[in-house]
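Q: The primary structure of each chain is shown beneath.
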Amino acid sequence: EPEVTQTPSHQVTQMGQEVILRCVPISNHLYFYWYRQILGQKVEFLVSFYNNEISEKSEIFDDQFSVERPDGSNFTLKIRSTKLEDSAMYFCASGLSSYNSPLHFGNGTRLTVT
Amino acid sequence: AQSVTQLGSHVSVSEGALVLLRCNYSSSVPPYLFWYVQYPNQGLQLLLKYTTGATLVKGINGFEAEFKKSETSFHLTKPSAHMSDAAEYFCAVTAGTPLVFGKGTRLSVIA
Numbered sequence: 001e002p003e004v005t006q007t008p009s010h011q012v013t014q015m016g017q018e019v020i021l022r023c024v025p026i027s028n029h030l031y032f033y034w035y036r037q038i039l040g041q042k043v044e045f046l047v048s049f050y051n052n053e054i055s056e057k058s059e060i061f062d063d064q065f066s067v068e069r070p071d072g073s074n075f076t077l078k079i080r081s082t083k084l085e086d087s088a089m090y091f092c093a094s095g096l097s098s099y100n101s102p103l104h105f106g107n108g109t110r111l112t113v114t
Numbered sequence: 001a002q003s004v005t006q007l008g009s010h011v012s013v014s015e016g017a018l019v020l021l022r023c024n025y026s027s028s029v030p031p032y033l034f035w036y037v038q039y040p041n042q043g044l045q046l047l048l049k050y051t052t053g054a055t056l057v058k059g060i061n062g063f064e065a066e067f068k069k070s071e072t073s074f075h076l077t078k079p080s081a082h083m084s085d086a087a088e089y090f091c092a093v094t095a096g097t098p099l100v101f102g103k104g105t106r107l108s109v110i111a
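Chains as they are written, first to last, in my numbering: chain P, 1 to 114; chain L, 1 to 111.
If we strip away everything but chain L, and leave its shape as in the complex, we get (with noise of 0.2 Å):
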């Protein structure tokens, strides 16, 4: 089965400072992992993805993540906060099952 673990419930950033929002994923055969964000009172957004080929995947709004298989991560970062940035980001694994999410992390900006 697959697990993914969130370190940080909330995290708080000044704008402009680096986002680094940390995911691991435990899953015993190669994982497909995303991050998908939620804004207050909307659904869950995909940000990025990551299936096969390049460990370093580009999403929307400037985010990136990539995947390290020796750690089994998929950090999620940001070069430069910004404000609309602050929701609940939520990394998630599956391996030919249903979608598992870890409990997210908020993100607070603060100007």
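Bound conformation, chain P alone (with noise of 0.2 Å):
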């Protein structure tokens, strides 16, 4: 079965860095989104992608976040300077449809930043 893959699986780094933290969809499908789930809370929505562009995004999503699907596979998320707070298992999603379609996701990368 097709599935969701994310790397780096962890990711270190210091306040202030970028980072860029990637994923390959399932190939037909057409809707993208990053999820985020800080260490003992819920799992966050953070943005969505479609059409090679932000459908929809949080609060959360401010300016030092970005997305981008490069070369028609993969999906990254970068962060412009990271923050302490920015530690947190980043999800990425992928849709065969609209919001409605079930979401699959990749495994996750755990984010630390120090």
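These aren't lab readings, by the way, just hints derived from the structure by calculation.
There could be a bad hint or two in this list.
Stated by the list, open to error - Listed next, with one range per pair, are the computed distances between beta-carbon atoms:
| no. | chain 1 | residue 1 | chain 2 | residue 2 | range |
| --- | --- | --- | --- | --- | --- |
| 1 | P | L96 | L | K58 | 17 to 25 Å |
| 2 | L | K103 | P | K78 | 38 to 46 Å |
| 3 | P | E3 | L | G8 | 26 to 34 Å |
| 4 | P | N52 | L | P79 | 28 to 36 Å |
| 5 | P | Q64 | L | S108 | 36 to 44 Å |
All residues carry an ideal CB built from backbone N, CA and C; glycine is no exception.
With the hints as a guide, bring the two chains together.
A: The following block contains the structure:
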């Protein structure tokens, strides 16, 4: 069964550094998402992406964040200048159609900002 | 806006006992409802979904959930717990908007 893959599985970075989290969604899916889960808290929506543009973003997704689908297969999340509070598990997900279709999640990237 | 409340952050059951994980939702329009499971160090895996039609939905690993509109509930059940069911379970709702998750319920299964 096709799956969403994320790299790296764990990223440690220093405060103020830029990080790029990478995802390869399922190939025939059209909708792409990033969610994050701070340790012990709920899974929170960051951003959705469709037709090569952001379709919706949450309050968390401020100017420090950006997403890109550079080559038609990868889907990346960039955090420009990381803060301690960005430490979390970041999940990429993809869906076949609109928001109502089930999402398929990757195994996540654990980001630790020191 | 949609929201989800999962009652009980931690549920513990004996192996072979009934599993009941509670989920209540809030939505101003007919919702689509999902249960996801997260095993340690893994992503979220879809257990089952309710879209329209039959209110009792069956999922993987013997789980099922019933959509009760009058109670705004979508509780997850399994007749007989297995050790391998120990995981974190998330209820989620959407109504044409990004999926909104509950805080999760950690299920422990005691031998």
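Q: Between P/E3 and L/G8, does the C-beta distance stay in 26 to 34 Å?
A: holds, 30 Å
Q: Could you see if the CB distance from P/L96 to L/K58 stays within 17 to 25 Å?
A: Roughly 21 Å apart at Cβ, these two residues keep to the hinted range, so it holds.
Q: 36 to 44 Å was suggested as the range; check whether the CB atoms of P/Q64 and L/S108 agree with it.
A: holds, 37 Å
Q: Just to be sure I understand the hint, the distance between the Cβ atoms of P/N52 and L/P79 should be within 28 to 36 Å; is that true here?
A: Hint violated: Cβ distance 46 Å, outside 28 to 36 Å.
Q: Taking 38 to 46 Å as the stated bounds, is the beta-carbon spacing between L/K103 and P/K78 within them?
A: violated, 28 Å
Hint check: violations occur at hints 2 and 4; the rest are consistent with the structure.
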